[in-house]
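On the provided structure of chain E, position chains C, X and Z as indicated by the hints.
Number of protein chains: 4
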Amino acid sequence: MTDVVDATPSPVRLKAVAGPGQPEPTPALEQLYRGFERELLVPLWTEIGDLMPLHPRSKAAPHLWRWNKLVELASEAGRIVPVGRGGERRAIALANPALGGKPYATPTLWAAIQYLMPGENAPEHRHTQHAFRFVVEGEVVWTVVNGDAVRMSRGDFLPQGGWNWHAHHNAATEPMAWIDGLDIPFSYYTESQFFEVGREQISADEQCTPDRSRSERLWGHPGLRPLSQPDAPAASPLLAYRWVDTDRALSDQLAMEDEGHADATLATGHAAVRFTNPSNGRDVLPTIRTEMHRLRAGAASRTRREVGSSVCQVFDGTGRVTVGEQQWTVARGDMFVVPSWQPFSAQADAGAALDLFRFSDAPIFEALHAHRTQVD
Amino acid sequence: MTDVVDATPSPVRLKAVAGPGQPEPTPALEQLYRGFERELLVPLWTEIGDLMPLHPRSKAAPHLWRWNKLVELASEAGRIVPVGRGGERRAIALANPALGGKPYATPTLWAAIQYLMPGENAPEHRHTQHAFRFVVEGEVVWTVVNGDAVRMSRGDFLPQGGWNWHAHHNAATEPMAWIDGLDIPFSYYTESQFFEVGREQISADEQCTPDRSRSERLWGHPGLRPLSQPDAPAASPLLAYRWVDTDRALSDQLAMEDEGHADATLATGHAAVRFTNPSNGRDVLPTIRTEMHRLRAGAASRTRREVGSSVCQVFDGTGRVTVGEQQWTVARGDMFVVPSWQPFSAQADAGAALDLFRFSDAPIFEALHAHRTQVD
Amino acid sequence: MTDVVDATPSPVRLKAVAGPGQPEPTPALEQLYRGFERELLVPLWTEIGDLMPLHPRSKAAPHLWRWNKLVELASEAGRIVPVGRGGERRAIALANPALGGKPYATPTLWAAIQYLMPGENAPEHRHTQHAFRFVVEGEVVWTVVNGDAVRMSRGDFLPQGGWNWHAHHNAATEPMAWIDGLDIPFSYYTESQFFEVGREQISADEQCTPDRSRSERLWGHPGLRPLSQPDAPAASPLLAYRWVDTDRALSDQLAMEDEGHADATLATGHAAVRFTNPSNGRDVLPTIRTEMHRLRAGAASRTRREVGSSVCQVFDGTGRVTVGEQQWTVARGDMFVVPSWQPFSAQADAGAALDLFRFSDAPIFEALHAHRTQVD
Amino acid sequence: MTDVVDATPSPVRLKAVAGPGQPEPTPALEQLYRGFERELLVPLWTEIGDLMPLHPRSKAAPHLWRWNKLVELASEAGRIVPVGRGGERRAIALANPALGGKPYATPTLWAAIQYLMPGENAPEHRHTQHAFRFVVEGEVVWTVVNGDAVRMSRGDFLPQGGWNWHAHHNAATEPMAWIDGLDIPFSYYTESQFFEVGREQISADEQCTPDRSRSERLWGHPGLRPLSQPDAPAASPLLAYRWVDTDRALSDQLAMEDEGHADATLATGHAAVRFTNPSNGRDVLPTIRTEMHRLRAGAASRTRREVGSSVCQVFDGTGRVTVGEQQWTVARGDMFVVPSWQPFSAQADAGAALDLFRFSDAPIFEALHAHRTQVD
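Respectively, the protein sequence lines represent chains E, C, X and Z.
The numbering used here puts the first sequence at residues 1 to 376.
The numbering used here puts the second sequence at residues 1 to 376.
The numbering used here puts the third sequence at residues 1 to 376.
The numbering used here puts the fourth sequence at residues 1 to 376.
Looking at chain E on its own, in the form it has when it is part of the complex:
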């Protein structure tokens, strides 16, 4: 320990420039700025334009990743990169082109494709970062959560609240890919993360999965709460939301709209559900909102801006999406990013409905009373 203030060179660099709201660039100002640098100080007046804009100006860029490219590279990784302790997961993250090569889809969200070869196990660990899996294609992989094996099949959504032990096992004869969403960048930035390594080997009976996990048998009945379970946990105790339910919920909304009940859908031709924690009705994870949207063939969503960022994956169908200045045609598995406060809309092609899975950091802003939405 030491009582002396550190003498390493200051990282602060200030330059007196002319401009509106800026002081005259005089020698005295230059000298003042040298003093600021020496004492590790930065004036507001040189930074305010970037730091405090009139509205969010995201550093992130809208960007699209094609599913065939993701699968191709993940599959090659499956061939040559083993899964095991240390690396922990064969997960390959989307790196937003405007975020300096970091593995961040957006400033707050991690989105990755995870790939598991037949018979492989991803070792057990736990972390405070909240996570989910969403399966765009494939069958017969299981995530084992605190000893409860959860089957993963196309369309299934599996939330994974922080600090639960989990491992993955591929019991099939084919490789399988799915996407992982986490709040890794947010936890990293706010420096709030803990991690712990688990057992080297999950037990045999955890690899032999019943059709439904215990979590589904306890919590998967609509509106019914098991009295044996303690009070509302912050993250969902239900570990799988099956496609059959999600699909039916969306179909029901559109059918009701057809029957004349316009208020059953979010907007004309636009059905949508949010995955929620059945113990409290809130978002499935404290920091991540997850939703499934369905646009009827030919229908378009309204254009929407929102504080905070999101990532979408096309679950089914084809269409066009617009994010800020970008527009793309999209098909099954394609993933794209909507930065904070950028206008976003989607339109299904004439021939088929468009199903979009979407996750965002909205719960953070709602919890802190900082949420804003603008619908055109």
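Each hint should be verified, as a subset may be incorrect.
Because identical chains cannot be distinguished in the list, a pair is counted as satisfied if it fits within a single copy or across any two copies.
Claimed, not checked - Below 25 Å or equal to it, Euclidean Cα-Cα: the simulated SDA-like pairs (lysine to any residue) are: (1) K59 to E200; (2) K69 to S203; (3) K69 to E30; (4) K59 to E47; (5) K15 to Q31; (6) K15 to V375; (7) K102 to P27; (8) K102 to F195; (9) K15 to V71; (10) K69 to R38; (11) K59 to T329; (12) K102 to Q347; (13) K69 to N146; (14) K102 to A61; (15) K102 to M52; (16) K15 to P286; (17) K102 to G351; (18) K59 to P9; (19) K59 to V12; (20) K59 to R199.
The hints are simulated quantities; they were obtained by calculation from the structure and are not laboratory data.
This is chains C, X and Z only, laid out in the frame that chain E set:
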């Protein structure tokens, strides 16, 4: 608009290296990594050590700023840098030496000294960033909040919830300095900020201040809620917490301890109060916790680690503080930073009590169920 | 209007008696008591024993009503008492034998058998009292809630939050009986009730019911929230909880117990679910808790005391129940009352499981921080 | 224990009468009604008019008690009725003339004058009923709460959350009277109350009171929360709200109104504060709302109806109050009752302001989402 994926060079750079948990650095791996770079992908296995540590390892460093240096430079800025629209405030921010020269005291918190010359006005604006002022010395400056003029004097704490119009005015014949705390880095990082410019001139009657602001006359009576006011606002409707009250609250706790009521203080010889929103009893601002601590002469606090970061200013007295590996003697006005999960303790010198003002980002973690504290 | 205090005889009657804690019965005391009577005053010391007992001593008595008797009388009422505006419903309420002949099952809860003849309509109205229907036998009656027709079949539970328009229609060729539970006594006692008469005739299309109500199509998918619906309503937006789901949830718990997961059930051999509002995970009605319990053949519940009262109906099976000093053998449809703080337990007969539907006023006490439970 | 249903005569009495919504009074109906009586059943159709009115029709009557009468009788009780264990308190309750002579000011609220002779002690006990004291005149009595002695003086308001030990001691040479408000009728009706007898003798040092109680030294500083205290308790941890603060808060509102800030008061010339729990900003007690209102000389309140009942005491001044069909001139100490949904207004005489202390059961209805207010 375009349907073509951007062709600028990828910012992703991957290097195959040998090591535990890393795949063999073969030509095939190199080729895979080139594919990742091209497609803007980053594997977890090369990043996990930094991204998902066993516990928070803050990028920020413990650091101390001496008050006399801060005032000396702020005063020089007072001489040569005008205050006005564009620069908005003569505020000079602490730049943590480990955060790349950015004006961030910690990854989430902004801490600055603000300086106003006699007769000067800092122009009216509003922003969603939450703010407060704390006055370590001086008198007779007013902050005008939505037309309510709030006097600032030594020891006073003035919270400023987001999106309220505010301006400052120095009605004295002397310059005055105080500190500003804001969640600017957090808002910047999460891309959730809005800003609006106000009137060029605040009215004359707003510069002629009564002893107590309207906010204090409405909300400053202990436990009494004015029925004319709407339901609990997210940020405190009370715009000034006067030193006379804070001081008395701390003295009362120590006096009760002397009388044998050990549970009146946080620990032996350690009195502490939190500034709270009287409409709901919660933190005064949705993202910032603010507290005043008093250690009796010779007393020491317990050592504490906490998820999230904080900034302290010595309000009165002298003592020694320890943050991680650093230790400093401190005196009136000195400011220092406690990074996430670094152990922190303070000790008053034998001759006098030590009064410490402290602010932190704890409400963010509590709202998201991510708070952890360890007291040794 | 008048400024004169009313001169009608005082209802207060006081008698000076000897006893512990009582003042000496002297002429002066008698005179004082006459003064109290005249001025409409009652001293605490004559009342405290009854008013402020050491623990709740319910005025209500444990009591059992046999289903065959209820149906027999309801059926006779079906023959001779028409349903229509004014009487509103052919509902026949349990009158606790210790509550003075009032139609109260317990001090706070109303429990009635409702009976509807083929083709009959019970007219539309709404009231702030919260209600539910539970169907122990029968089919093909519908409750129409705000124009949404909800089919009622054996085992179905239908909550009905206050201030929703509703009517009933029997579309079958047989009469049908079900039970109604409401907070009528509580609303009556606290004087908080409003009532409004609806349309004389519900429309034809409201009498032509699809298999699932719109409420189920919107809210009946586990963990999925329709984005078209506004924020969490105080009473459940899901208007039917189907027996197929309830039955499966209970079976699942017992199956998991069989597989070695003891924490899946409330106690050994005792499965239980609570009907909850899917928008917030809380009780389905703000004042009424509703649950379904299943005891395996031969299993017994633990003995439990609780602040507040409840009413149970045997849905299936046979067994013995003990309430305070009372014990009864019970069979399908039988209803009984558990007064506040009376010990309650149930045991299934050796031959078959016992399914018990239970409703209580527990949410009132939880909302007011007055709940207490004691499990032996 | 017994398996036989009780054979005591049924308390149910039904009478077939002609009338709208009533079945034809035939012999068959009479026979049905005899069956109902035998089986302890009551049909809705004979009761609905009273049970489910269009809006609350309170059983309670508006009524006024004159302070001089209350004090006169309490003083006589002081002379001849000792205070001690068993009777517990020399408290004399208002018995609403329309509530059958029961010691209930309204169906849910208890209001009493309590009287203590010089040197007397009211013995220690605790109960789950929530209570408060309000002092319209007198000095130098103390309530000792969990060993913390709280001085009582004119204008002071002392809340007493359920299940805290408390005793009273009169240290003066004069008798003293104050009013007690409790939720005794509500607890009694809902059968949720517990009671425990305390020490026979409070200790000498508990009778030697400092100017401020420990609770005030911990919690009586506006907006400051002692860090030593645990999370927000359901009832206020602040045990005295001093008149000096209440008076100043009301004066401040009227002064602000004079300065042109119309939104500082509830209505023109009408200042009002609510006593709140400083740990959460909510009502000071979970079941009782307490407020102080001040009408300027000559000013009148708006007419207001509210679900739930209240009791008022004139703290100072003279005026006229209107409750339903009743109107009274009132002066210091007079108490009156406002039944549920009855219109209420007050007007100060031309010569002086009117200060009204008011308590109600509003928190019960707000917690259960059953509150309604109508302001004309």
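Each hint, compared with the structure:
no. : hint         : in the structure
1   : K59 to E200  : neither (40 Å within a copy, 31 Å between copies)
2   : K69 to S203  : neither (35 Å within a copy, 57 Å between copies)
3   : K69 to E30   : between (52 Å within a copy, 17 Å between copies)
4   : K59 to E47   : both (16 Å within a copy, 21 Å between copies)
5   : K15 to Q31   : within (11 Å within a copy, 43 Å between copies)
6   : K15 to V375  : neither (41 Å within a copy, 44 Å between copies)
7   : K102 to P27  : between (39 Å within a copy, 23 Å between copies)
8   : K102 to F195 : within (20 Å within a copy, 29 Å between copies)
9   : K15 to V71   : between (47 Å within a copy, 21 Å between copies)
10  : K69 to R38   : between (49 Å within a copy, 10 Å between copies)
11  : K59 to T329  : within (24 Å within a copy, 40 Å between copies)
12  : K102 to Q347 : neither (30 Å within a copy, 41 Å between copies)
13  : K69 to N146  : neither (33 Å within a copy, 51 Å between copies)
14  : K102 to A61  : both (13 Å within a copy, 22 Å between copies)
15  : K102 to M52  : both (24 Å within a copy, 14 Å between copies)
16  : K15 to P286  : neither (42 Å within a copy, 35 Å between copies)
17  : K102 to G351 : neither (38 Å within a copy, 51 Å between copies)
18  : K59 to P9    : between (28 Å within a copy, 17 Å between copies)
19  : K59 to V12   : both (21 Å within a copy, 16 Å between copies)
20  : K59 to R199  : neither (40 Å within a copy, 30 Å between copies)
When each numbered hint is compared with the structure, violations occur for hints 1, 2, 6, 12, 13, 16, 17, 20.
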